[in-house]
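So the number in this note's numbering is just where the residue sits in the sequence shown, counting from 1, plus 3.
Subject to a maximum C-alpha distance of 30 Å in a straight line, what follows is the list of computed DSSO-like cross-link-like pairs (lysine-lysine): (1) K207 - K192; (2) K135 - K165; (3) K123 - K207; (4) K181 - K165; (5) K136 - K207; (6) K132 - K207; (7) K181 - K192; (8) K192 - K123; (9) K136 - K165; (10) K136 - K192; (11) K207 - K165; (12) K123 - K135; (13) K192 - K165; (14) K207 - K135; (15) K123 - K136; (16) K165 - K132; (17) K192 - K135; (18) K132 - K192; (19) K123 - K181; (20) K165 - K123.
If you anchor each label on the Cβ, the simulated ranges turn out as follows: (21) I190 - N59: 18 to 28 Å; (22) Y204 - L64: 20 to 30 Å; (23) F55 - E122: 22 to 32 Å.
Just so you know, the hints here were simulated from the structure itself, not pulled from any lab data.
Beta carbons are placed, not taken as given, at the ideal position from N, Cα and C, and that holds for glycine.
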Amino acid sequence: MSPEPPAAPEPSASPGAAADNPGSGGGRQRRQAVAAADTPSSQPVMVSGFQFYTVNPPMALDLTFGILCELLQQWNHVTQGVTVLLEWLLGEDDLSSVETTKMVEDDLFEKGEANFWAEKLLYVRLLSKHLKKLIASTALSLQPQDTMLLQISQAAYERSEKVQHSLHGLPPTPEFLKTTEFTRLLIHKERSENCIEMLNYISKTKPES
4 MSPEPPAAPE
14 PSASPGAAAD
24 NPGSGGGRQR
34 RQAVAAADTP
44 SSQPVMVSGF
54 QFYTVNPPMA
64 LDLTFGILCE
74 LLQQWNHVTQ
84 GVTVLLEWLL
94 GEDDLSSVET
104 TKMVEDDLFE
114 KGEANFWAEK
124 LLYVRLLSKH
134 LKKLIASTAL
144 SLQPQDTMLL
154 QISQAAYERS
164 EKVQHSLHGL
174 PPTPEFLKTT
184 EFTRLLIHKE
194 RSENCIEMLN
204 YISKTKPES
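Could you put together the complete structure from these sequences and hints?
Okay, here's the thing in structure tokens:
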């Protein structure tokens, strides 16, 4: 009897075949990867190197002011930016506007009194915080005698005096009898005081040589 020929060696599985074979490790890895891709993830999504999170409105406003100040530094426009931010901080003078008072009352009816005034105060305080950091982190070329600063300073002091005069003209316990007008004056008071504080802070910083 002649001996049987040796059995031919089994062909090695290719990478693609291993991935398609349900019993192989590659197949399990592929199924796991597909399952992970099809399953919604609760983790933040990475897009172009940025992580996206759900944030509340106060945090979003805080981040917005922070990014704006960073961009002003990157673009070398801090001096011009500080002047614009001071104007934002002071805001518009609507103390003697009847139409504005009517509009404020309408907004209060739509949004709720607490929400409306909280948004105003939050805006002023967050802007003041980031503006002060921006002034402190950069040597400004601004001088207290600059035309724009003089105009903003004059407007801030005039606003402060007007607010004080209006507050003295309110009846006793104005927070109860004239709630809308009293709160609006307090916000203008904080705006003007913070603006004057920033101007004084600029005058103390060392200008660029």
